[in-house]
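Peer 1: Residues per chain, in single letters:
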Amino acid sequence: MQIHDDELGPLIRRHAVRHAPPAGLAERIAQSVRSEAGAVAAPAVAVRSRRGVWRGLAWFGTGAATAWGLALVLQATPVPPQDALGEAVTANHVRSLMAAHLADVASSDQHTVKPWFAGKLDFSPPVVDLASDGFPLAGGRLDYLDGRTVAALVYRSGPHVINLFVWPAADAKLQPPAFSTRQGYQLAHWAEGGMQAWAVSDLNAAELRKFASLMRERTGP
Amino acid sequence: MTDRTRQFEAAALPHLDAAWNLARWLLRDDQLADDAVQEAYLRAFRFFDGLRGESARPWLLGIVRNACYDWMRQNRQLADQLEFDELRDSGAVPPASAECADPARQWEQRAQGERINAAIDALPAAYREVIVLRELEEMRYEDIARIAGVPLGTVMSRLSRARALLRESLRDERPGDGTERTQHANS
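Keeping their order, the protein sequence lines are chains A and B.
Here the first sequence is numbered in this note's numbering, starting from 2 and rising by one per residue.
Here the second sequence is numbered in this note's numbering, starting from 140 and rising by one per residue.
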């Protein structure tokens, strides 16, 4: 078969295997990284080069400063800085995609997903299906954020996954949606009716805005 | 979990698919790729502080690639990967395993897929990696140059040589196939 220059690329992309990593590899990597992080912290200082010691000191200084700063912030308000929370939300989103643990209850029916949370959480998260608006509900699971168990609702938009984390807010103050970007992911954060919500996805910013405003309309009082 | 581990996971884990694909194509074995990718992620974590301000994807894939080459070097798996010679190794590769002709289009498609995979597999590692990074991961030439640790011009010449080898090995296989394919395309 005669193949022209401009045919070869599409041919490869269509037929060549893009090997997929085995399930559980992400989790094994995360574990070995964490144990490495634990091992480095204590005894390694003695054998490091002088530069290593300085870097270690710098790290220690940074750590101490962070801990001190965090302690101050925590004393002032029980809510961790939005920045750290945004990072934790992004990390949870990434892990949910990598570890093949997207949903504990996989259902597009809000009347299946909402009762599933009963007895697992000390609050009842609002669950709505936005399928008619292009964001079908895919399921829900429990996740851990901000020092507590939270509800994670999974929505889809075409090939994209949206994780919506919901848990009770510290106060009933209304917070209009705030948008940010982190590691290439779009984040939206808002609070109303005593609940706070973080949505994170690889959707584009405009689509996530649409998702956030639909969600607020449907779950608002 | 520390901030550093969390940052690392958020920066590096999204590229696991690309890392795996590259390692699996380079080492041609699931278990070897598994070891190499894990090792590469640990290395990457140790040097994570060096990443500031750079794009994580080429940085990480460069480490994965090096872990694969380290393994090949240690095990002297294939001489051509140890001392890759642009001139010597740019000769013809043996054609990939031939499939017998079948009129069914589905079969035709699958056979074509197998032939293409086998043809890529038969390329020397230095050509295989540029094809995988360019065609499957759709990376920029600059990033491929960083990953492979060679100048941009070398990436371009390897890529065009790799494409020529692929065309050659796919063409040689089934002479007289051309007309049949044209009919399929028109039907």
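Everything labelled a hint here was simulated from the structure, so no lab data went into it.
Incorrect hints may appear among the rest.
Unchecked claim - Covered by chain A, according to a simulated footprint, are these stretches of chain B (three or more residues, beta-carbon under 8 angstroms):
id	segment
1	141–155
2	159–166
3	206–212
4	252–260
5	284–297
What the hints assert, rightly or not - From chain B, some residues computed to sit far from chain A (all C-beta separations above 10 angstroms):
id	residue
6	L171
7	F186
8	L190
9	E193
10	W198
11	G201
12	E281
Cβ atoms here follow ideal geometry from the backbone N, Cα and C, with glycine treated the same way.
Peer 1: Work down the list of hints and note, for each, if the structure agrees.
Peer 2: Cross-check of the supplied hints:
Check on the segment 141–155 of chain B: 13 of its residues sit with their Cβ under 8 angstroms from a Cβ of chain A, so the three-residue criterion for coverage holds. For a cut-off of 8 angstroms, the count of residues in the segment 159–166 of chain B with a CB near a CB of chain A stands at 4, and the three-residue condition holds. Requiring three or more residues with a Cβ within less than 8 angstroms of a Cβ of chain A, the coverage given for the segment 206–212 of chain B is violated, as only 0 such residues are present. Proximity of the segment 252–260 of chain B to chain A, defined as three or more residues with a beta carbon under 8 angstroms from a beta carbon of that chain, is established by the 4 residues found.
Coverage of the segment 284–297 of chain B by chain A is violated [criterion: at least 3 residues with CB-CB distance below 8 angstroms; count 0]. Residue placement check: L171 of chain B keeps its beta carbon more than 10 angstroms from all beta carbons of chain A (closest about 12 angstroms). The Cβ of F186 of chain B lies farther than 10 angstroms from every Cβ of chain A, with a closest approach of about 12 angstroms, so its non-interface assignment holds. The Cβ of L190 of chain B lies farther than 10 angstroms from every Cβ of chain A, with a closest approach of about 12 angstroms, so its non-interface assignment holds.
Distance check for E193 of chain B against chain A: the nearest CB is about 13 angstroms away, which clears 10 angstroms, and the non-interface claim stands. Every C-beta of chain A lies more than 10 angstroms from that of W198 of chain B, the closest at about 14 angstroms, which supports listing it as non-interface. The non-interface label for G201 of chain B is consistent with chain A: the shortest C-beta to C-beta separation is roughly 17 angstroms, beyond 10 angstroms. No Cβ of chain A comes within 10 angstroms of the Cβ of E281 of chain B; the nearest lies about 18 angstroms off, and the non-interface call holds.
Comparing the model with each earlier hint shows violations of hints 3 and 5; every other hint is respected.
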